[in-house]
Structures are given as C-alpha cells and as structure tokens.
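For the record, the sequence lines run as chains A and B.
At position 43 of the first sequence (counting the first as 1) the number is 43 in full-length UniProt numbering, and the numbers step up by one without a gap.
At position 543 of the second sequence (counting the first as 1) the number is 543 in full-length UniProt numbering, and the numbers step up by one without a gap.
Don't take each hint at face value.
[Unchecked claim] Cβ pair distances, simulated, as ranges:
hint : chain 1 : residue 1 : chain 2 : residue 2 : range
1    : A       : SER76     : B       : THR544    : 17 to 27 Å
2    : A       : VAL91     : B       : ASP389    : 26 to 36 Å
3    : A       : MET40     : B       : ASN550    : 24 to 34 Å
4    : A       : LEU36     : B       : SER89     : 57 to 67 Å
[Unchecked claim] Computed footprint of chain B on chain A, listed as stretches where at least three residues anywhere in the stretch have a Cβ under 8 Å from a Cβ of chain B:
hint : segment
5    : 60-69
6    : 90-98
[Stated by the list, open to error] Here are the simulated DSS-like pairs of lysine-lysine, each with C-alpha atoms no more than 27 Å apart in a straight line:
hint : chain 1 : residue 1 : chain 2 : residue 2
7    : B       : LYS378    : B       : LYS329
8    : B       : LYS329    : A       : LYS12
9    : A       : LYS12     : B       : LYS508
10   : B       : LYS135    : A       : LYS12
11   : B       : LYS378    : A       : LYS12
The set of hints was computed from the structure by calculation and includes no laboratory data.
Positions of the beta carbon are idealized from the N, C-alpha and C atoms, including for glycine.
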Amino acid sequence: MNKEHFSEDEWKTIGQAIARLRASVMAVTFGIAGGLILFMATSWLLIIGPTGGSEHVGPTLGLLSNFFPGYSVTWSGAVVGLFYGALSGAVAGFVLAFIYNLIVGLRVR
Amino acid sequence: MGSTDSKVRCVIIGGGPAGLTAALELSRAGVEPIVFEMDRQVGGISRTVDYKGYRFDIGGHRFFTKVDRVHNWWMDILSEEFLVRPRLSRIYYQGKFFDYPLKPMNALLNVGFFESVLVGLSYVKAQAFPSREEKNLEQWVTNRFGKRLFEMFFKTYTEKVWGMKCTEIGADWAAQRIKNLNLGKAALSMLAPKVLTGKNQITTLIEEFYYPRLGPGQMWERVTEMLEERGHPVHLEHRVKTIHRDGEQVIGVTVVDASGKEKRYDADHVISTMPVRELLNVLDPPPPADALDAANRLRYRDFLTVGLVVESPELFPDNWIYIHSPEVKVGRIQNFGNWSPYMIPDESTSCIGLEYFVQEGDELWTASDEELIELGKKETDKLGLINADKVIDGVVIRMPKAYPVYDHGYKENIASIREYVDQVPNLHLIGRNGQHRYNNQDHSMVTAMYAAENILGANHDVWDVNVEEEYHEEAGADKSHGASGERLVPQRVREASPIELLNDVFAKYDPVALGGALGVMIGFAVFLATAILLVQGGENVGETLALLGNYLPGYDVTWTGSIMGSLWGGAFGFAIGFVTAVAINVTVSIHLGKLLRRLGVLEGSLG
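Kindly produce the complete structure, drawing on both the sequences and the hints.
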C-alpha cells in the first residue's frame, strides 16, 4: 500500500476514529491486576517481616480490613485479598468502560 | 410521422408527475408535447385507482413541499379541490399503538413497567458490552439503543420495506438516518416544552397537509384534461418499443398501442421517465456495452396494495399505520377515508389499503388476487384491527418498480449511464425511475420543470435537484446528512476498506470521556471509603484515611469531608484520565506519522 492507493481526503480520515472500551475486557484486565497487586503487596510484607520497630506485619495495609471483611496481612489474608482485589478491580474496570462509552456516545451523537 | 409545422416537438415517455409536469410546462411555452403512457391511466405511482367508486391512493401521497414553485403549481391546478387534512400516523406493535414520530411517555406507557425495565437493562447492557463491530444496521442501532428497542422499532419494518435483513444493511445508512435521535433528547422532550427541544414551524406543517379531494390522481387527471384542452392528448396504453438515435441525437420513438399496432413519431427532444434500465435497452442503435451493462445491473423494489372495503363507517383515526408486528407480512395500512372522505362513496363503509413491499416475481407478487385478498383479511383480523367478516370486497393493485434500489455499486452504474446519456443532448432523463433516484412527487416535478426549461434554452442540471434537503420529518434535523441529491435508502453491508481498518487501528481515546469516567470513579471511591468508616464509627475514625487531607484541602473523615473528598477525587481523576488519554493519543499519532511518512503520504523524515 502506498500514497496512490487512496485520495488525500481518505488519508485524512485516519486517526479521526474515537476508540471505545470493551467493558468485559476492562473488567477482566483490571480484575487480574487488582487481585495480583493486593496479593503481591500482602505477600511482600509477609516476606520482609516486621519493620520500623513494629511487632506487627503491615499495620497500615491491614486497615483495608475496614473495607474488605476477612482481609488481614497473613498468608490466608493474601488469598482473601486476591479475591477482593480482583472483585474491586473488575467492578472498577467495568464501570470505567461503561462511563467512558456513555460519554463518548453522548459526545459523538 | 414528422412535425407538421415549425413547432418544436417533444416526445415524453411516461404519464406520471414528472412526464405530465414537463408536458404542461412545454405546452404552455409553445412546444408540442406528445405523451405516451404504458398504463391505462395517468399518474404513475401517484395515481388514484378507482374501484367501484372507492378510490385507492398507491402509497399515500401528502401534498407537502418546501419548494414554493411546486406548491404554487399544485394550487394553480387544483386550488378549490384541495383539502387540508390532519396527519395521524402511528406504529402498531404487539397490539399497541405507538405515536409516530415516537414520543417517550407514550412509548413507556404502552410497553408497561416490566418491559420498560427490560428496555433499560438492554440499553445498559449495550453500553457496557457494545458490539465490537458497527458494520451493519443491527449493530449500530443496538449499540446506541439496546437490543429490545432495536427489535421493537427498527428491525421488522426496515426488513419488510427493504427486503433485507438488518444484518445485511450497512451501518452508514443508520448513522445518517437516525443520528438525530438519541435517548437523552427523547427524555428531555418528555419533560421540556417544545421550544427547548428545538421543535419549530416545520413540525406544525407536517402535522397537517394538503390533499386533493379525490386523491393524488385527481391532480394528474386534471393535468391530462388541460393538455387535451390544449390539443395535446395523452396516449394511454402505448408502450415504447424503440427510441431512434442518429449519432448523438435522438430523432424519434416507435410505440406499440394496446392493439399491437406500431407507430413511429419523430421528435426534436425526448423526455424519458421510464426506468433507466429499460430506456437503454430500447435505444437504436444500442448504447455502448458498458453503459448497457450498467443499466442492466440496476435493481428495483416493487409494491402491491390490497384494497379492502369494510362494512364499518370508522376503523381507526390514523391516515396510515406502520405495522411493526413481525407475525404479519403487511408493512403499512392506509385508511383512505381519513385522507379524504370523498374517496369513499358509501358512508357506511370504510376503505383501507394494505401495503406489501415485494419483489417482482416473488411469492406475494405472483399470488392470485383472491389469495392476496384472503391474506389481507387474515392479517388485519390477526392484528385485531378489522373483523374479517366485515370485509365485503377487495382489489389488488400491483406497482412494479416503485422504488429504485441503491445497492452496492449503483452509483458507479448511474455514473456510467450518465457518461453516455450526457452525450445525447436532446435526451432528458427525469423523475423517480427516469433518474433511478428515490425522488418524491415534488422533486420529480422539479426535474421536469428543469428539463422543460432546458429545452427552451436554459442550462439546469436536472441531476442536481436536492431531494434530501427539503425533507425533514423531524424539525431541526441537520441538513448536511446524505450526499447531495440523494434521499437516503439503505445499502448492503460492505467489507471495511483498508483506510477504515487503519482508522480503527489508530483510533484515539476521548480525553474528556476518559477524564470524566475516571473522575466519577475516583470521586465515588473517596466518598464510599469515607462513608464506610463513618458508618463503622469507633474512636479516631479514619485516622489514616484522613491523611488524604494533606493533598486534598478541606478533606477529613466527616460527612462534609466526604463531599469535599469526592469533589477533589473527581477533579484529580478527571485530570489523570485526561492527561492519560492525551498521552496515549500523542504516542499513537507519532506512530501514525511514522507510518504515513513511510507510505509517502506525509512529507519529511521518519525521525
């Protein structure tokens, strides 16, 4: 393909399209990322152990239990965190795509 | 037979609105018109068929135009005979009548609460899981309105009219035709006065229309009488067998009358409203092969009306009803008494026309009249509109080539035909089938007026009559849609061109949309996190979360703080989303620029 294949006006149309987000794909992507982030963050604190003179592991991250019942900075808590992270990530990804597509739709029409 | 005096003689093929308009205009200007009509009555698709005193309009013809010249012409011909009629047309679906154009409150009340919820969920689903491709009508409409609304108001009728599945109709047509309709505007129109929703005078005008007392055919019957009075009778039941050509001029036509007798008429000009496909096939000598092949590739959609006489003075108040119900084949039902009470000779009866959109030679087209009348009775009974036992008579009217089809490639075909006919200056192609364009009556008339003036020395482009611009059922509609001179009809789905594929690959993110989405989410997340802690209560509520106050002035873990936090979260989210989208777009643009330079489209180095 080269310049002669299309007119100048046709070439100008490239780059004018507005991307849409697929909510399902966004949900899966954000879900995987969210779950892994929380699992790895918990695991990392468990591996390095208590720091800064504290007797407890991950006192700050542990506050997430206010929002995620059952979560704690323990190995079993890491698995619970994997679930919560995945769930929240999936919801966030889905809603982000939904709102984005909605706004694009309103602006394009 | 040659001209007997110095008068210019113009043979006009076709006694429909275009042909008769041209004839009268030419006659008034001193040119001798000779009109040949293949049928036994004038009017073309605008004829009114008389059956035992009941008058049937083929398709329903409102006399509404924004072309002043045409309006004045109509008034000049039939001034006293025009009625001003109220317009009521509705959609019939699942036993309910929906206002047309659609009104949200009326639609909601009709579908009921449960179905409304399903419609809402289907809309949400379409927004969340839009179809990845938007190649066809179904995908385009469903992505915007949801599957349920698509099935209710778009699918069945479109498929009945065009004889194609919605998955076979290109999305471009929907994008051009439906782009002014959106749910937000519809919701606003439910609540706001008309002035806020952009309705204007045009809306009022289309709520009533002029209509000849005895149907549209009355107009063309009167014009025929006027031509006769001027010494130019219309020759009915005369089929054109040959159009004679000498070099780049047409010199005459040979016609065959009802008895099979042939006769040749010399002509200084020929105006043709006959289907282009047939025109090129009767030229002698024949046109070049490429033009003839192009003509033979043109296609048409046909139409038949089953007229039923019903023993009942009133059936429904509409002029016509769109039948969206998929369980019947009928597409539209005309109630002729509501167009004009003078169309019905017996006040104790009604007369309706069931319109079927068909293809010449298909099952319906070839069915016998008796079968079609039975089908009409059965379907109206099934719809609950008419009791079949009350039908006392019926008639079938077939109208071949009612709609020119704009299929894939028709533009190239027309271009090829025009390239040839433009070389024959005294052959003038006008009207709906004459130009293979979806003209309405008034625009066909304009092409006729232009052609007549061209014969008298003017230099109009008869192909440049803009039929789209003057037709807007919805006030405030954008006039730029559709190519100039084309009323929009669907085209088949086509494969994406390389340009379109490239365009998809390099699609950009909408910074405002991404910013808006992220802003809403982060703002809500901050509010929710604060609210959860406040509801849980306890000592030193949200001590750690309150540290956000270092970045978000005014934020703390209180109910007031949650509002401040959500506002700040929204602002930050918007900024992050906006900047992210811009950054992605810049990166994509850089890659696009490199590609275009490599292809030689852009000047400069590859960088």
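Right, here's what the structure says about each hint:
no. : hint                             : result
1   : A:SER76 <-> B:THR544: 17 to 27 Å : holds (23 Å)
2   : A:VAL91 <-> B:ASP389: 26 to 36 Å : violated (60 Å)
3   : A:MET40 <-> B:ASN550: 24 to 34 Å : holds (26 Å)
4   : A:LEU36 <-> B:SER89: 57 to 67 Å  : holds (58 Å)
5   : 60-69                            : holds (count 4)
6   : 90-98                            : holds (count 6)
7   : B:LYS378 <-> B:LYS329            : holds (11 Å)
8   : B:LYS329 <-> A:LYS12             : violated (45 Å)
9   : A:LYS12 <-> B:LYS508             : holds (14 Å)
10  : B:LYS135 <-> A:LYS12             : holds (21 Å)
11  : B:LYS378 <-> A:LYS12             : violated (56 Å)
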